[in-house]
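**Student:** One-letter residues, chain by chain:
Protein chains: 6
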Amino acid sequence: MASNIFLKLLRVPASTQFACLRSGRSLRKKAAALTAAGSRLSCSNPPPEKISRYPIPYKKDLPYDIVVLMEEVESKGGFLPNVFKVLSHRPAEFRAFFAYYNELMNKDTGRLTKAERELIVVATSSYNKCLYCVVSHGALHRIYSKKPTLSDQVVVNYKNAELTPREHAMLDFAMAVCRSDTITDEHFRSLEEVGFDREDAWDIAAIAAFFAMSNRLAHLTDMRPNLEFFNLGRVPRDKSKNKAEDDL
Amino acid sequence: MASNIFLKLLRVPASTQFACLRSGRSLRKKAAALTAAGSRLSCSNPPPEKISRYPIPYKKDLPYDIVVLMEEVESKGGFLPNVFKVLSHRPAEFRAFFAYYNELMNKDTGRLTKAERELIVVATSSYNKCLYCVVSHGALHRIYSKKPTLSDQVVVNYKNAELTPREHAMLDFAMAVCRSDTITDEHFRSLEEVGFDREDAWDIAAIAAFFAMSNRLAHLTDMRPNLEFFNLGRVPRDKSKNKAEDDL
Amino acid sequence: MASNIFLKLLRVPASTQFACLRSGRSLRKKAAALTAAGSRLSCSNPPPEKISRYPIPYKKDLPYDIVVLMEEVESKGGFLPNVFKVLSHRPAEFRAFFAYYNELMNKDTGRLTKAERELIVVATSSYNKCLYCVVSHGALHRIYSKKPTLSDQVVVNYKNAELTPREHAMLDFAMAVCRSDTITDEHFRSLEEVGFDREDAWDIAAIAAFFAMSNRLAHLTDMRPNLEFFNLGRVPRDKSKNKAEDDL
Amino acid sequence: MASNIFLKLLRVPASTQFACLRSGRSLRKKAAALTAAGSRLSCSNPPPEKISRYPIPYKKDLPYDIVVLMEEVESKGGFLPNVFKVLSHRPAEFRAFFAYYNELMNKDTGRLTKAERELIVVATSSYNKCLYCVVSHGALHRIYSKKPTLSDQVVVNYKNAELTPREHAMLDFAMAVCRSDTITDEHFRSLEEVGFDREDAWDIAAIAAFFAMSNRLAHLTDMRPNLEFFNLGRVPRDKSKNKAEDDL
Amino acid sequence: MASNIFLKLLRVPASTQFACLRSGRSLRKKAAALTAAGSRLSCSNPPPEKISRYPIPYKKDLPYDIVVLMEEVESKGGFLPNVFKVLSHRPAEFRAFFAYYNELMNKDTGRLTKAERELIVVATSSYNKCLYCVVSHGALHRIYSKKPTLSDQVVVNYKNAELTPREHAMLDFAMAVCRSDTITDEHFRSLEEVGFDREDAWDIAAIAAFFAMSNRLAHLTDMRPNLEFFNLGRVPRDKSKNKAEDDL
Amino acid sequence: MASNIFLKLLRVPASTQFACLRSGRSLRKKAAALTAAGSRLSCSNPPPEKISRYPIPYKKDLPYDIVVLMEEVESKGGFLPNVFKVLSHRPAEFRAFFAYYNELMNKDTGRLTKAERELIVVATSSYNKCLYCVVSHGALHRIYSKKPTLSDQVVVNYKNAELTPREHAMLDFAMAVCRSDTITDEHFRSLEEVGFDREDAWDIAAIAAFFAMSNRLAHLTDMRPNLEFFNLGRVPRDKSKNKAEDDL
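Chains as they are written, first to last, in full-length UniProt numbering: chain A, 1 to 248; chain B, 1 to 248; chain C, 1 to 248; chain D, 1 to 248; chain E, 1 to 248; chain F, 1 to 248.
These are calculated hints, taken from the structure and not from any lab test.
Any given hint might turn out to be false.
No copy labels: a pair is met if it fits in one copy or bridges any two.
Unchecked claim - Lysine-lysine pairs mimicking DSS-like chemistry, simulated, CA-CA at most 27 Å apart:
(1) Lys85 x Lys107
(2) Lys107 x Lys147
(3) Lys159 x Lys114
(4) Lys76 x Lys60
(5) Lys60 x Lys146
(6) Lys147 x Lys50
(7) Lys85 x Lys159
(8) Lys50 x Lys146
(9) Lys59 x Lys147
(10) Lys114 x Lys76
(11) Lys50 x Lys60
(12) Lys60 x Lys107
Using the sequences and the hints, build the whole thing.
**Tutor:** Here it is as structure tokens:
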């Protein structure tokens, strides 16, 4: 039966590593560190701010699998990014969105670092004027790269940001995809000059393409970033704590 | 364990109807009709044309679930659209892509007709200069709408195409999403004037957003449309056959 | 007297060959072939569709020379393209328009093939979002080139269409003219690299310039393409007939 | 025979008034006045400046009808505008170009004044960055309108030029045509508000469309304006002479 | 003598209040507070990072008046913004630049608040992709407005930032000036609807215009923001300190 | 005290040469020459035309230093450019504006000629559609360069104006600054190829940046050029007078 076929299609091999949730652990640590430093984040009692133009479902009304995922993400990251709440308005689309997201952003294969992936999101989302993605992925870039100002630079203008030639070429390509330029062999040659092969090109382009979609969904819903994201990763913690993190 | 959580997330309820495959049946009929009318389509012995900049995996190297899906789609539609072959280069992304696609384009709920959904794809893909999506979804629009010239009109210029006010407002909104405009209440008011509510708006925007992604993946891979798509739905069949189709 | 001067100016040497009308013969054959294949085109009893925002003159109210031309074109091509009807609203402009058109598109000199000229029209008219010219000249390109899908590719995106390097350079130049770019020696060098000299450049540019005008007149009048154009040249006829055509 | 048909088509009724040449008389007077005022124009012995990227034919090599026209224009206007020389490189296109030009710019019917027609050319040619048309038709506007600064204003920015509401609406419409916008009923309503009907709209649009072509031909040939045009109509003559002109 | 005239022109009345330096005092307090909170800013021993494409003069080589100003600003603000160092390469331009800046941004008259002025700078500098101005004036906005996230929102997209209608209209106007749009009465009406009169309009436009210049000078010099700016005003201090500040 | 510091900052060394006023002398001579040639300029009794959207202060209400400057400029140039009147609405901004202007446009150092500086203003102001600056600085360019048509060419399209390679490269760079492009080493290399060093680059960019501001202030105020500017420098005077001017 038809439905069985797609059902099977959607079964991700159990061996897949979900770096997303692993990285959540790191987020939680960061938040804890920030709190310890004396700054009171608004996680504990968030104001009933409006985070979407569409209604946010009550947990009790959500499918069980989505609730489990949300609780896992929140317990590991310290707070639940609003994109989970906003997209849960459409559970079936939620599942497909995060399955895709997880594959592109959290997979353990490929040669793009986590920080590089986030940089692509920041640059292309800035072009698309997407507040949610710029702020949330800017935070993730700060955390993964340990460079507290680079994402802010890229938000304004990646062309004069303090990028390596590799990062610059990566963003040139991501922006070409972002603008829906016709991709030519010349694009691949520019990537090859800094050591990216065709599989890397796919990785870069797929992220730029996926966020072309995400940015537009954020515009549709007027999705607002959690307040936590604005400051995450900005203030360096003291040495002893950094050392601990390196052990993760 | 983390992987279990996502695994559950991706399990689509078995009750979901896969209109995609059902519609495949309709495609097959069309192709058969065309053939009967004397035109020899190239399905049987396709030239070894290049359909992607990336390698197309041999069937024997593909995961079983993907092969099963491809065979089902091909047997029902008469030919296998190249997007299946091209994206199978990345099986995990293939699964997420088609799960999402299926949810948006083939779901039985919502008030957008199949033809309307295809019209959104045609208009936005034309803006993004995506050959594959314009040609393939132009064909699907002709089939679903039974209007053999409207999609060609929309490819060139939706603003003076022979659209109903409802279709025009729908495409205005889809194009705003396509361009990554900031969506405002004014956009929703324009939709309401022709009878679309907020859930319809989400449906329209989600399709425009998904094809913002698809168009860019097609540019990445230089994806080429199957030759069959160019002519599908252009030549009306004779009355008796049309009647038969209405019985489906 | 002044009027005499212009009168003489407008006298085209009688030796000029009017390929336009000759090619009309070819159109008629195509239409006949299509009909023979079982598809009922709407030529015989066209619906009283609106083809212009301006009134279409009755034949009896038109100057004799224009009526004679229209009848000749219709008898040879199988149907009268709507541009003749629409522009006859202004007989004097009609005469100048078709004299110019005939010189650029139907002259026997120059090294551009008929198919190349049509390709220029398709590419630039698509940029200008002109429905009439894209659809009608797309049809003419299919007929002249015997390539049933190339014009559809060029409508969407000439940059990744299956063009020869010569065709690609030709369209790059035509598009520069179309956008009213400042033309520099660099443009001519690019043409020379694929074998076009300065006279060819003029031919290409003059066509792009003429259709810059035509496209805008079509927008003014909301000119609609004849239904026949949408399918012309799409379905290949059988071998014996093709052979006959080669004898023309 | 086909050629006969077109031959007849191109015969302009002898009753047509060629305002173009008549206005040439006015140009000659202007030039004479300027000369009398002490400024030595370069008509008599023009420097061998380059006026086109293409060769300019010797008079002896041009068809007789074109030579006669050129001499008539020069004798009446005081100098021969370079566009005649540059386009004579292609006699057949020359004939069609000036037949069309004459019909649009010099016809005695319609409600657009000569100055209004020139204003359309100035505004749209400035948008297209066409040096030849801006300078030469700026001069013609100054002469016809007797407003020595308005065309300079329109070259820079028609939106804050000292225009009447009628002129402003006329240029708004001309610019929409110039940009190849999709023309809608809304455009016609805006024209009606200042008293332009649909025939006036055609006149405005046809001029904007014709110069869309002319501007591009000027870019192709790198056509340079005669030096005379830069100053024509800038310096007011004394009263007695103005009175004489009114008697024309 | 001519020089005397300009000399007098440039003498600012002694009664002028230099809010700039006063606000410097506030900056210093902020920096001190941040330091007290445990975050080690890089003020004390800045890395010898490159802050301009042009050489930075040694203090000993600068005119006395410029050195005095720099020391005053640094002693009050806690660090010397790089724009002072970078522009001191051209002392005469430095003087004119800061005289103008001071008049627009620090004057005590007018109805724009300090925070509103900074918001204009952030929005327009983001459009111009000016890293220095976005980062430094984003910091100043956070400090003046006590809203730690609003400037980040405006950097990405002022259209969906959490602005009051007054702020939104102010930025709409500032952006029109920023893009060098033709300003019309309609612009002033939109400002009046939220309570801005023509003098306010001048204030808004003059700031947008001045930063049109500043942004371009920053691009010329590749001016880099001080690291301090990235974090200034992000982390709220505890209540007792806020109270103290209110007493200033 | 703070105000003292800025007071000192704004004191221009008395040794500064004010070429601006010297050049005013030259303007007066030009105007005189034009008058002698028989053309009556409107200096003596200007019509009460509206030159700004903001009120123009009465002389008696202006600060003494501004009145003195205006009278000096008018007595030397033959008429007072409207920008002085319009900006005097804000005396403090007036002082900063002209101090900056004077430094950039009238300084005796640097390698840009007066004509080159004006050419930068003309090209960038045309891009910004600023009527006042195009017309007034077009006039100044004609006077300084003694080329009566070059500025008109640059207004329409600097890319095909009759420029030297040095001028072309200069304008390419000025336009990059004008558009707020990210300036890269590549820009400096292009300048070096025609002999401009980094200090020249600063000079070019600072002028382009300053007029980015000026153009926007002119849009704000709807500033109108003096009628005198339209014709200044267009009509060459006779030889004897030219010789006299060379002696200046």
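**Student:** Please work out whether the CA atoms of Lys50 and Lys60 approach to 27 Å or closer within one copy, between two copies, in both situations, or in neither?
**Tutor:** within (20 Å within a copy, 51 Å between copies)
**Student:** Checking an output row: Lys85 and Lys159, CA cutoff 27 Å. Within, between, both or neither?
**Tutor:** Cα proximity of Lys85 and Lys159: across copies only (23 Å, versus 34 Å in one copy).
**Student:** Since the copies are identical, ignore which copy is meant and state whether Lys107 and Lys147 lie within 27 Å (CA to CA) inside a copy, between copies, both or neither.
**Tutor:** For Lys107 and Lys147, only the intra-copy Cα distance (22 Å) is at most 27 Å; the inter-copy one is 37 Å.
**Student:** Checking an output row: Lys114 and Lys76, CA cutoff 27 Å. Within, between, both or neither?
**Tutor:** within (18 Å within a copy, 41 Å between copies)
**Student:** When no copy is named, should Lys76 and Lys60 be tagged within, between, both, or neither for a Cα gap of at most 27 Å?
**Tutor:** within (21 Å within a copy, 40 Å between copies)
**Student:** For the identical chains here, do Lys59 and Lys147 meet the 27 Å Cα criterion within one copy, between copies, both, or neither?
**Tutor:** neither (36 Å within a copy, 31 Å between copies)
**Student:** Check Lys147 against Lys50 for me: Cα-Cα at most 27 Å, and say if that holds within a copy, between copies, both or neither.
**Tutor:** between (31 Å within a copy, 17 Å between copies)
**Student:** How would you label the pair Lys50, Lys146 (within, between, both, or neither) given a Cα cut-off of 27 Å?
**Tutor:** between (31 Å within a copy, 21 Å between copies)
**Student:** Are the CA atoms of Lys85 and Lys107 at most 27 Å apart within a copy, between copies, both, or neither?
**Tutor:** both (23 Å within a copy, 22 Å between copies)
**Student:** Is it within a copy, between copies, both, or neither that the alpha carbon of Lys159 lies no farther than 27 Å from that of Lys114?
**Tutor:** Answer is within; shortest intra-copy Cα gap is 21 Å, inter-copy 30 Å.
**Student:** Can you tell me if Lys60 and Lys107 fall within 27 Å by alpha carbon in one copy, between copies, both or neither?
**Tutor:** Close across copies (24 Å), not inside one copy (31 Å); limit 27 Å.
**Student:** Checking an output row: Lys60 and Lys146, CA cutoff 27 Å. Within, between, both or neither?
**Tutor:** Intra 38 Å, inter 37 Å, cutoff 27 Å: neither.
In this structure, the hints that do not hold are numbers 5 and 9, in rising order.
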